[in-house]
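Going down the list, the sequences are from chains A and B. FYI, this note's numbering numbers position 5 of the first sequence as 5, with every residue one higher than the one before it. In short: position in the second sequence from 1, add 1000, done, that's this note's numbering.
You may find that some hints are simply not true.
What the hints assert, rightly or not - Label pairs and their computed distance ranges (CB to CB):
1) A:F493 to B:Q1071: 28 to 34 Å
2) A:E240 to B:K1146: 43 to 49 Å
3) A:D81 to B:K1347: 14 to 20 Å
4) A:E240 to B:D1225: 56 to 62 Å
5) B:R1298 to A:G149: 52 to 58 Å
6) A:S74 to B:E1427: 51 to 57 Å
Claimed, not checked - Derived pair list, reagent style DSS-like, types lysine-lysine, alpha-carbon separation capped at 27 Å:
7) A:K349 to B:K1332
8) B:K1146 to A:K63
9) B:K1216 to B:K1458
10) A:K332 to A:K146
11) B:K1216 to A:K332
12) B:K1347 to A:K62
13) A:K244 to A:K302
14) B:K1216 to B:K1176
15) B:K1176 to B:K1347
16) A:K191 to B:K1191
17) B:K1332 to A:K216
18) A:K176 to B:K1332
I should point out that these hints are in silico values taken from the structure, not numbers from a laboratory. Keep in mind it's a predicted model, so treat the numbers as computed, not measured. Note that CB positions come from ideal geometry on N, CA and C, so glycine has one too.
2 protein chains.
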Amino acid sequence: MLPAFFCFKSILINFTKKKNVVMDLNEFRRHGHELIEWMADYFENIENFPVKSRVSPGDIIKKLPENAPLQAESFDSIMEDFNNIIIPGITHWQHPGWHGYFTANNSYPSILAEMLTSTLGAQCMSWLTSPAATELEERVMEWIAKMIGLPAEFTGVIQDTASTATLVSLLTAREKATGMGINSNGFYDLKPFSIYCSTEAHSSIERAVKIAGLGKEYLRKIEVDEFYAMRTDKLLTAIEKDIKDGYEPLAVIAAIGTTGSTAIDPLDEIGRICKKYNIWLHVDAAWAGTALLLPEMRHIIKGIENVDSLIFNPHKWMFTNFDCSAYFVQDKAALIQTFEILPEYLKTKESNAVNNYRDWGIQLGRRFRALKLWFVIRSFGISGLQEKVRNHINWAHEFAGWIEKSKNFELLAPTPLATVCFRLNPETVISEEKLNLINSQLLEAINNTGKIFLSHTKLNGKFTIRFVIGQTNTKHSHISDAWQLINDVSTQFS
Amino acid sequence: MLPAFFCFKSILINFTKKKNVVMDLNEFRRHGHELIEWMADYFENIENFPVKSRVSPGDIIKKLPENAPLQAESFDSIMEDFNNIIIPGITHWQHPGWHGYFTANNSYPSILAEMLTSTLGAQCMSWLTSPAATELEERVMEWIAKMIGLPAEFTGVIQDTASTATLVSLLTAREKATGMGINSNGFYDLKPFSIYCSTEAHSSIERAVKIAGLGKEYLRKIEVDEFYAMRTDKLLTAIEKDIKDGYEPLAVIAAIGTTGSTAIDPLDEIGRICKKYNIWLHVDAAWAGTALLLPEMRHIIKGIENVDSLIFNPHKWMFTNFDCSAYFVQDKAALIQTFEILPEYLKTKESNAVNNYRDWGIQLGRRFRALKLWFVIRSFGISGLQEKVRNHINWAHEFAGWIEKSKNFELLAPTPLATVCFRLNPETVISEEKLNLINSQLLEAINNTGKIFLSHTKLNGKFTIRFVIGQTNTKHSHISDAWQLINDVSTQFS
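Only chain A is shown next, with the shape it has when bound in the complex (with noise of 0.2 Å):
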């Protein structure tokens, strides 16, 4: 039997422990500006925080409770257990010394329109349950491709994320091939398709060919140029090879800036030869697509009027949470075509009058994503925005000019945009493998110095680091402080 004052303590914690009050609408608003405060103070000392998190691997989860509470808990307990458990576990990839894979940016006015989008909590998924993020997005889709100088032909409507978009335009191209046939029939007694890109194009190419059901054995990777751009003559004879060999070719998928060095694909010649060979072209911008709001850029899409798709992200470098991804496509009606369910829980008598975004992609539900672009572009204004990115791109020249000019650094690769491929290269160092190993242990040992993070890539099969420019917050001053930076701590490897 257990002791008298077992049960006394059990009784007494009963009572002492919190009834089930969940928070009202008072305490919401208290919190909220008290959330205001923490999240101005998060930026304004953002710099305080080493950008990489120095959590090792478990030190999170085994803090937290395996069990969730049964009782409700109180919000400054939340807010305590935040700051002392998930912060020291964040990376802080809005922190100005961001400098590592692509920048996936947020802005002031875009905090404040995803404060607005999560307290409405409406449904876009047809013009109906949201009639104003439907028409918001029609227009805010139409600004941005004027924004980028695509031609009128292009129709927008926002996806999560790039890999979701490669997808979603590699579908349209298989059922726009054949008719709807493979949403109706499947593969069966069909020859093999081929599907085209280089080396250097992202991982969500693949899986999409995967998830696609049309085989990665299908995926031609073609060879690229001394600067990481597709080879057009071999993309050329991988066609006409395929053509002979009984395949059909279905689609080439193009980068404008390539993920490891943003190197910018030839895009007119590839697209004179889709549209030879009938074959569907989709443009890879996720990054590279923000630099189309500075005229003299658009060079790069030179011969986009043969481009089928086009994606880039301005949750990448165009200062808007993510997710937000701006997509585009000539034939609307393949779109929707491939994508577009009608089930009688979803009719409603405005369907043909209307855009309903359910049936331009894969999800069903969607966030209305639309408000935090409108906000943030008429925040910044097109020529605020303009600046910004102009400004990250001259820096990025810059720096790369400091790396051409030192003895001890040298360039992998071209700078087209705002991202910088280099690596450390002594002169007492000779071969490839120990170079590969010292500029891994650079790399790390910059990283955790916490001021900047870096990430790296291989170009040629060499260690290459990354140095992209793009961040919402950085300075002319961060950059130079970097370079200082990465200079002091190579001098232990050089």
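Since chain A is already given, all that's left is putting chain B on it; use the hints.
Relative to chain A, chain B alone:
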């Protein structure tokens, strides 16, 4: 030549035009506080809005300029347009009178978490890119698995929507059945797979079948019983016929809560059939999954041990902002093998020791969605969530009882959860055609009151009004008021 005053005026306009000054931190802080007031006021006054927006197609877009502004605009002018143009076009999903489709709820703690998520703007594709987000997702999904009574063999991951998760499940089934063969080599020379769901299954299943290249011709829509649940005798017959005809049965998708009437497919029996024939079994519990928080409701997943994967949406009925789908799978390795990609630029030294959720689904980029689940679960506590869901189910039974007792209305399906399917059937009307017509008119008239919003489906050819109870802020009084309103409006039709 232009008159002098015109030129003068132009100069003045240029002078007074706002300079391109983008919002700074102080303004963000100020506008943030303003928005908190807006947000709290919105919830305070939400019942003053008509639930369903009253705009007509084109009303919104014609008020939006055709071109983006060149110069920055003030936040005040953006908010003015938001209030005057956007808000009248919003259908208010967070209104306590929301009884349409399924609910897509938010809640105060969820909105607060979204504010932090959008501020951090962290990418949760790899452990390294956001360790806390990865480990919190792992832990919170463990919580949820236990909270809804899943066996320990299930591993969870957050997907954006049930549409995506069902596609992920079908692709995993496809690849597991072929040893990752279609990913590699496509469908060529394979015999057709057959897939099974009921005639009442969600449209996203057909879409997933199409995307995966399986062909909707091979999607067998199995007949339902009088309660709109899948008939297992028909399922068995279809499977055996397919095998005899040379098809390979690949997957069954069982609905725990169909979209039309929340019918519950007999999982236990379906699981036994799937086990016998080695068929992948996916459960679509998009709405109903939340009911599993209640131990007394777990009978609806009897046989769960034979299920390969299950999806339910906390963003529907668990008071968590869209998007947030909880996907659970038994064979985690097959899931990851289906989607994994590892290009050089994504390699990290921790790759093998940690979860890299980019390999658990379609998208590479991922928001920090675990945070809102953590905030919601802790703020409500399990018992707080249970209380709400239990109320909704009880109130639905009460509402169904009112229908049963009524002379003019009739139930058209059982009410296993919190969705009541009914129609007006006054004694004076005879033909089914006429009944369909007056019920569609009745639905429109109810929605036009602006007080509540309902949607419809067809059950057995009958136009069916659906009354879904599950909105975060709905109280019992809203249900009784709605019943009164429905009766009042119906008098003009009976």
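Now the hints, each set against the structure:
no.: 1; hint: A:F493 to B:Q1071: 28 to 34 Å; in the structure: 47 Å, violated
no.: 2; hint: A:E240 to B:K1146: 43 to 49 Å; in the structure: 58 Å, violated
no.: 3; hint: A:D81 to B:K1347: 14 to 20 Å; in the structure: 32 Å, violated
no.: 4; hint: A:E240 to B:D1225: 56 to 62 Å; in the structure: 57 Å, holds
no.: 5; hint: B:R1298 to A:G149: 52 to 58 Å; in the structure: 57 Å, holds
no.: 6; hint: A:S74 to B:E1427: 51 to 57 Å; in the structure: 56 Å, holds
no.: 7; hint: A:K349 to B:K1332; in the structure: 43 Å, violated
no.: 8; hint: B:K1146 to A:K63; in the structure: 18 Å, holds
no.: 9; hint: B:K1216 to B:K1458; in the structure: 22 Å, holds
no.: 10; hint: A:K332 to A:K146; in the structure: 17 Å, holds
no.: 11; hint: B:K1216 to A:K332; in the structure: 22 Å, holds
no.: 12; hint: B:K1347 to A:K62; in the structure: 25 Å, holds
no.: 13; hint: A:K244 to A:K302; in the structure: 30 Å, violated
no.: 14; hint: B:K1216 to B:K1176; in the structure: 20 Å, holds
no.: 15; hint: B:K1176 to B:K1347; in the structure: 25 Å, holds
no.: 16; hint: A:K191 to B:K1191; in the structure: 14 Å, holds
no.: 17; hint: B:K1332 to A:K216; in the structure: 22 Å, holds
no.: 18; hint: A:K176 to B:K1332; in the structure: 34 Å, violated
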